[in-house]
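**Student:** Input sequences plus hints: build the corresponding full structure.
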Amino acid sequence: MNDSRIDLNLLATLEVLLAEQNVTKAADQLHLSQPAVSAQLARLRDLFDDPLLLPTRRGMIPTAKAIELAPQLRDALDHVRNALHSHQDFDPGKAELTVSIGCSDYIQAAVVMPFVLALRQTAPGVRVAVRHLVPELVEQQLGNKEVDLVIATPERSAPHLRTCHLFNETYVLIGRHGHPRLKSGMTIDEYVELEHVVVSPRGGDFETPVDSALATLGYRRNVVVSAASFLLLPEIVLDSDLVALVPRRLFLRQSEKLMMVDLPWLGEQFNVSLIWHERCHRHAGHRWVRNLIGSLVGDHDKGGSRVAEPESDHAPHINGS
Numbered sequence: 187m188n189d190s191r192i193d194l195n196l197l198a199t200l201e202v203l204l205a206e207q208n209v210t211k212a213a214d215q216l217h218l219s220q221p222a223v224s225a226q227l228a229r230l231r232d233l234f235d236d237p238l239l240l241p242t243r244r245g246m247i248p249t250a251k252a253i254e255l256a257p258q259l260r261d262a263l264d265h266v267r268n269a270l271h272s273h274q275d276f277d278p279g280k281a282e283l284t285v286s287i288g289c290s291d292y293i294q295a296a297v298v299m300p301f302v303l304a305l306r307q308t309a310p311g312v313r314v315a316v317r318h319l320v321p322e323l324v325e326q327q328l329g330n331k332e333v334d335l336v337i338a339t340p341e342r343s344a345p346h347l348r349t350c351h352l353f354n355e356t357y358v359l360i361g362r363h364g365h366p367r368l369k370s371g372m373t374i375d376e377y378v379e380l381e382h383v384v385v386s387p388r389g390g391d392f393e394t395p396v397d398s399a400l401a402t403l404g405y406r407r408n409v410v411v412s413a414a415s416f417l418l419l420p421e422i423v424l425d426s427d428l429v430a431l432v433p434r435r436l437f438l439r440q441s442e443k444l445m446m447v448d449l450p451w452l453g454e455q456f457n458v459s460l461i462w463h464e465r466c467h468r469h470a471g472h473r474w475v476r477n478l479i480g481s482l483v484g485d486h487d488k489g490g491s492r493v494a495e496p497e498s499d500h501a502p503h504i505n506g507s
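Numbering (my numbering), first residue to last: 187 to 507.
Be careful, since some hints might not be right.
What follows is a set of in silico ranges between Cβ atoms, one per label pair, in the way DEER data are often shown [unchecked claim]:
#1 267 with 421: 43 to 49 Å
#2 448 with 310: 36 to 42 Å
#3 256 with 313: 25 to 31 Å
#4 391 with 280: 42 to 48 Å
#5 482 with 404: 40 to 46 Å
#6 194 with 242: 25 to 31 Å
Calculated from the structure, these hints are not laboratory results.
By construction, the Cβ of each residue, glycine as well, lies at the ideal position given by its N, Cα and C atoms.
**Tutor:** Below, the structure is given as structure tokens:
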């Protein structure tokens, strides 16, 4: 291949074409006419001596060479983008930026909500797209740019991702005021006799890591409802004698509406972290976003108030929060 024939604009077009597999959609994303994108595709086919994309009834499919090129092309262009953005200052008051965040409903309420409210005051041009976290696909979601940032519980190492600890979360037991058996200083025997609601993000599970911990002590709690979301719990417990063990940060502002009981004998907790791809690491705007989230919700006494350098290169596969 003659290097003098390489045009970065052509490579950027190829990246979008491989993602969209449709000339019309690629043209819309690139803000070009369809004939212009078709002409660039013709030049790319000549450059790589391969059809790259083959027409079908429903669009186009990549050739074997195109599939092989895709990750290399994405990485190369990401390095170029990082080089262009890394030296730039970020002015939050004037900047326009869209950040996609993958997280659970709990994180949306406990972390993303205060972050969004702060953005309206400090960075009105920054938009946030919240996407559902798919635990098994986190690496893929970050790698293919479906999300820019994940906020979740780290589990196993994935060296090509980066992570920064935000906070450690503990649990509190909630129920309605006037519940006949809910009280402070509850023993473990009293706790397991209550009727419980648990949250199963995957749907239908009646056991959680808390149940596994109780089992090691010889206890089994009475779980009668498996809910799909933490956000459903207040309505469930307010109109019944059911109780729920929930992340503390999620319901701190609802103490007037709900009765909250600490369980000192329950040592279960989990860690919440920021997780992102290398392509966003040096981007001034994304760095500013990570720092703002840390300053709002991080464990300030553990370095969570600011995402300091060097940030860890080890990030996890996700099990959800």
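**Student:** Determine which of the earlier numbered hints do not hold for this structure and return their numbers in increasing order.
**Tutor:** none
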